[in-house]
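The task is simple: from the sequences and hints, build the whole structure.
One letter stands for each residue in the lines below.
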Amino acid sequence: MSDPREPILEVRDLVKHFPLTQGILFRRQIGAVKAVDGVSLRLYPGETLGVVGESGCGKSTVAKLLMNLERPTSGAIMYKGEDISKLSGRALRAVRRNIQMVFQDPYTSLNPRMTVGDIIGEPFLIHPEVAPKGERRKRVRELLDVVGLNPEYINRYPHQFSGGQRQRIGIARGLALNPEIIVADEPVSALDVSVQAQVINLMERLQNEFNLSYMFIAHDLSIVRHISDRVGVMYLGRVVEIGTEEEIYRYPTHPYTQALLSAVPVPDPVASERRERIILAGDVPSPANPPSGCHFRTRCWKAQPLCAEVDPELVVPGHLREAGLPVAHPSACHFAGQKPEVTAG
Amino acid sequence: MLLEVRDLRVEFETRDGLVRAVNGVSYTVEAGRTLAVLGESGSGKSVTAQAVMGIIDSPPGRIAGGEVLFQGRDLLTMRPEERRRIRGDKIAMIFQDALSALNPVLTVGYQLGEMFRVHRGASRAEARARAVELMDRVRIPAAKERVDDYPHQFSGGMRQRIMIAMALALEPELIIADEPTTALDVTVQAQVMDLLDELQREYQMGLILITHDLGVVAGVADEIAVMYAGRIIETAPVRELYKRPAHPYTKGLLESIPRLDHKGGELRAIRGLPPNLARIPSGCPYHPRCPLARDVCREDPVPPLYEVGPGRASACHFWKETMGE
Numbered sequence: 621m622s623d624p625r626e627p628i629l630e631v632r633d634l635v636k637h638f639p640l641t642q643g644i645l646f647r648r649q650i651g652a653v654k655a656v657d658g659v660s661l662r663l664y665p666g667e668t669l670g671v672v673g674e675s676g677c678g679k680s681t682v683a684k685l686l687m688n689l690e691r692p693t694s695g696a697i698m699y700k701g702e703d704i705s706k707l708s709g710r711a712l713r714a715v716r717r718n719i720q721m722v723f724q725d726p727y728t729s730l731n732p733r734m735t736v737g738d739i740i741g742e743p744f745l746i747h748p749e750v751a752p753k754g755e756r757r758k759r760v761r762e763l764l765d766v767v768g769l770n771p772e773y774i775n776r777y778p779h780q781f782s783g784g785q786r787q788r789i790g791i792a793r794g795l796a797l798n799p800e801i802i803v804a805d806e807p808v809s810a811l812d813v814s815v816q817a818q819v820i821n822l823m824e825r826l827q828n829e830f831n832l833s834y835m836f837i838a839h840d841l842s843i844v845r846h847i848s849d850r851v852g853v854m855y856l857g858r859v860v861e862i863g864t865e866e867e868i869y870r871y872p873t874h875p876y877t878q879a880l881l882s883a884v885p886v887p888d889p890v891a892s893e894r895r896e897r898i899i900l901a902g903d904v905p906s907p908a909n910p911p912s913g914c915h916f917r918t919r920c921w922k923a924q925p926l927c928a929e930v931d932p933e934l935v936v937p938g939h940l941r942e943a944g945l946p947v948a949h950p951s952a953c954h955f956a957g958q959k960p961e962v963t964a965g
Numbered sequence: 398m399l400l401e402v403r404d405l406r407v408e409f410e411t412r413d414g415l416v417r418a419v420n421g422v423s424y425t426v427e428a429g430r431t432l433a434v435l436g437e438s439g440s441g442k443s444v445t446a447q448a449v450m451g452i453i454d455s456p457p458g459r460i461a462g463g464e465v466l467f468q469g470r471d472l473l474t475m476r477p478e479e480r481r482r483i484r485g486d487k488i489a490m491i492f493q494d495a496l497s498a499l500n501p502v503l504t505v506g507y508q509l510g511e512m513f514r515v516h517r518g519a520s521r522a523e524a525r526a527r528a529v530e531l532m533d534r535v536r537i538p539a540a541k542e543r544v545d546d547y548p549h550q551f552s553g554g555m556r557q558r559i560m561i562a563m564a565l566a567l568e569p570e571l572i573i574a575d576e577p578t579t580a581l582d583v584t585v586q587a588q589v590m591d592l593l594d595e596l597q598r599e600y601q602m603g604l605i606l607i608t609h610d611l612g613v614v615a616g617v618a619d620e621i622a623v624m625y626a627g628r629i630i631e632t633a634p635v636r637e638l639y640k641r642p643a644h645p646y647t648k649g650l651l652e653s654i655p656r657l658d659h660k661g662g663e664l665r666a667i668r669g670l671p672p673n674l675a676r677i678p679s680g681c682p683y684h685p686r687c688p689l690a691r692d693v694c695r696e697d698p699v700p701p702l703y704e705v706g707p708g709r710a711s712a713c714h715f716w717k718e719t720m721g722e
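Quick note, the sequences are listed as chains A and B, same order.
Residues 621 to 965 in the numbering used here are what the first sequence spells out, letter by letter.
Residues 398 to 722 in the numbering used here are what the second sequence spells out, letter by letter.
Because the hints were derived from the structure by calculation, they are not lab data.
Quick caveat, the model's predicted, so the values are computed rather than measured.
Here a beta-carbon is modelled for each residue, glycine too, at the ideal position from N, C-alpha and C.
A hint or two may mislead.
Said to hold, decoys possible - Taking lysine to aspartate or glutamate and the EDC-like style, the derived pairs with C-alpha atoms no more than 20 Å apart in a straight line are:
#1 K959(A) <-> E893(A)
#2 K640(B) <-> E696(B)
#3 K640(B) <-> E893(A)
#4 K700(A) <-> E667(A)
#5 K487(B) <-> E408(B)
#6 K660(B) <-> E630(A)
#7 K660(B) <-> E806(A)
#8 K541(B) <-> E523(B)
#9 K660(B) <-> E667(A)
#10 K758(A) <-> E772(A)
#11 K487(B) <-> E464(B)
#12 K684(A) <-> D633(A)
#13 K706(A) <-> D725(A)
#14 K487(B) <-> E595(B)
#15 K706(A) <-> D633(A)
#16 K541(B) <-> E630(A)
#17 K660(B) <-> E865(A)
#18 K541(B) <-> E530(B)
#19 K660(B) <-> E824(A)
#20 K660(B) <-> E866(A)
#21 K959(A) <-> E865(A)
#22 K959(A) <-> D658(B)
#23 K660(B) <-> D840(A)
#24 K684(A) <-> E772(A)
Claimed, not checked - According to the in silico footprint, chain A covers these stretches of chain B (three or more CB under 8 Å from chain A):
#25 580-587
#26 606-614
Below is the structure:
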């Protein structure tokens, strides 16, 4: 991928293995859950990178690693060219100011004993340089206004708000320190359908207003298409395909992406009858014991002996290179190729 | 008619006062047909189903009126033991969360077999054989080896298959599935929905599919009932509802969801929030969020379900405008 732009955030060969141990006194490691197994991604300034995948694919672990809530087993996380994965103390705090997170569950991610004002203002306690003491309440009111909540609500408690409003509070807290990057892990999946659109629109407006870069992690493929400029598809700890929104949704070349797209129920009875669906057999294998070679091969209809032996790399497949964009984009499959009838149109 | 719900009302006594969860819901389900009940949280879609099954916690819940006619007989006025027999034999329910619906300390074989022992007086060995058969039927691989496993040893999709197997065990005439695939991943969801669809056809069962997912509905339902604030606000055959919704809420929902097939511009969000059921707005409960709302919408009584076409109804005074007529 030769992109002339400088990424604001980049992960390189990121690996996170959680040890599986046995015994109480003498804890022996008997294996590892390979939650993230060599992920490389780039986030460019002002863009939204969507990360999709099913449960257990490692997308949330990637988010935690980016936020330094977990330490990677190996690999690097580069923020503006500097590896932040080994930072601690003051240096880490300084970087964190610029990378904030919005969580999935607006019910458990807000402290029920704190007022909204205290929740949104709490980041200022750690980063007092952002807002001097006398101005913090004013700043919190501004933030409430920015996310579309009444600034008069500053003394209310989380339980007095609906799910959608709570997610707005979480977003306001994320914005408090004027970050450059927001990592959002399933930010709307706990919300009602009629409220999801409000929050998505809000996030898009804020992105334009504050020139934010989003890492948007979700399992809902329609929402990810709507909000993302580029999309990475994850399966069992690896990115299997990455490209622009159009490349992934209209010209998917990895069999997993094709199956995933074809399985999404579309809200259109006519189209849903016409669509050819690929029903995958079986479940996702355990990340503690992923298949050799290509992780997807156990459920793949294209699998050959080669797939068990050689890990496919996430590169533009050689045999697709002459097709040019949009077909030729990175896809980690030995037999990558278009299957036009299953694209999302 | 397999099932006919008439003017059902359910209330809950809470600290916030009386919560009117279901306010006069009527619908019918025929054998071999699928009715999707679509709604957001708090719309009353699940409570309606629980009332049909007779599993509303009471107190605080109370059925405040209406009839639930199963093959012409009212379940609500039936003697409890008679009702229990129908519920086990003829109506079955599939829940969203299979892990909490299955007993964690009993093997799945025991739980499946229990259906035959209790309802059919089968012997242990016979019940076990039937359990294996059922697991095969819902395509659980290596059913014979897995019949003695516990629920936690299965994946989410497999557990949901076990739930379906349990619901099918006594070959019921009606299945109520409450968000059966919501907890599942997309690729597994497709497997489970396909299985349910196929089994329903094969056994010619009636199916009530309760969901919030406009996509799932489009694939499997014959008719749709859209609920809002404890009422049905629109009913229609599935294709027509998607093609030309007759209620602004349905229309708003369809317009607000992002599409898989194109990126699209800004989403047309529905403003505001679903109402608090302890304080339902006067008149049409959707009026505070509705772009078409006028004075008549704010005034009681609630708009009736106008007949807007063959097999179609909408509880909107301005259904013509909504449909673009």
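Hint-by-hint comparison with the structure:
no.: 1; hint: K959(A) <-> E893(A); verdict: 18 Å, holds
no.: 2; hint: K640(B) <-> E696(B); verdict: 30 Å, violated
no.: 3; hint: K640(B) <-> E893(A); verdict: 14 Å, holds
no.: 4; hint: K700(A) <-> E667(A); verdict: 15 Å, holds
no.: 5; hint: K487(B) <-> E408(B); verdict: 26 Å, violated
no.: 6; hint: K660(B) <-> E630(A); verdict: 25 Å, violated
no.: 7; hint: K660(B) <-> E806(A); verdict: 19 Å, holds
no.: 8; hint: K541(B) <-> E523(B); verdict: 14 Å, holds
no.: 9; hint: K660(B) <-> E667(A); verdict: 15 Å, holds
no.: 10; hint: K758(A) <-> E772(A); verdict: 11 Å, holds
no.: 11; hint: K487(B) <-> E464(B); verdict: 18 Å, holds
no.: 12; hint: K684(A) <-> D633(A); verdict: 15 Å, holds
no.: 13; hint: K706(A) <-> D725(A); verdict: 28 Å, violated
no.: 14; hint: K487(B) <-> E595(B); verdict: 19 Å, holds
no.: 15; hint: K706(A) <-> D633(A); verdict: 15 Å, holds
no.: 16; hint: K541(B) <-> E630(A); verdict: 49 Å, violated
no.: 17; hint: K660(B) <-> E865(A); verdict: 8 Å, holds
no.: 18; hint: K541(B) <-> E530(B); verdict: 9 Å, holds
no.: 19; hint: K660(B) <-> E824(A); verdict: 13 Å, holds
no.: 20; hint: K660(B) <-> E866(A); verdict: 8 Å, holds
no.: 21; hint: K959(A) <-> E865(A); verdict: 17 Å, holds
no.: 22; hint: K959(A) <-> D658(B); verdict: 15 Å, holds
no.: 23; hint: K660(B) <-> D840(A); verdict: 14 Å, holds
no.: 24; hint: K684(A) <-> E772(A); verdict: 33 Å, violated
no.: 25; hint: 580-587; verdict: holds (count 6)
no.: 26; hint: 606-614; verdict: holds (count 6)
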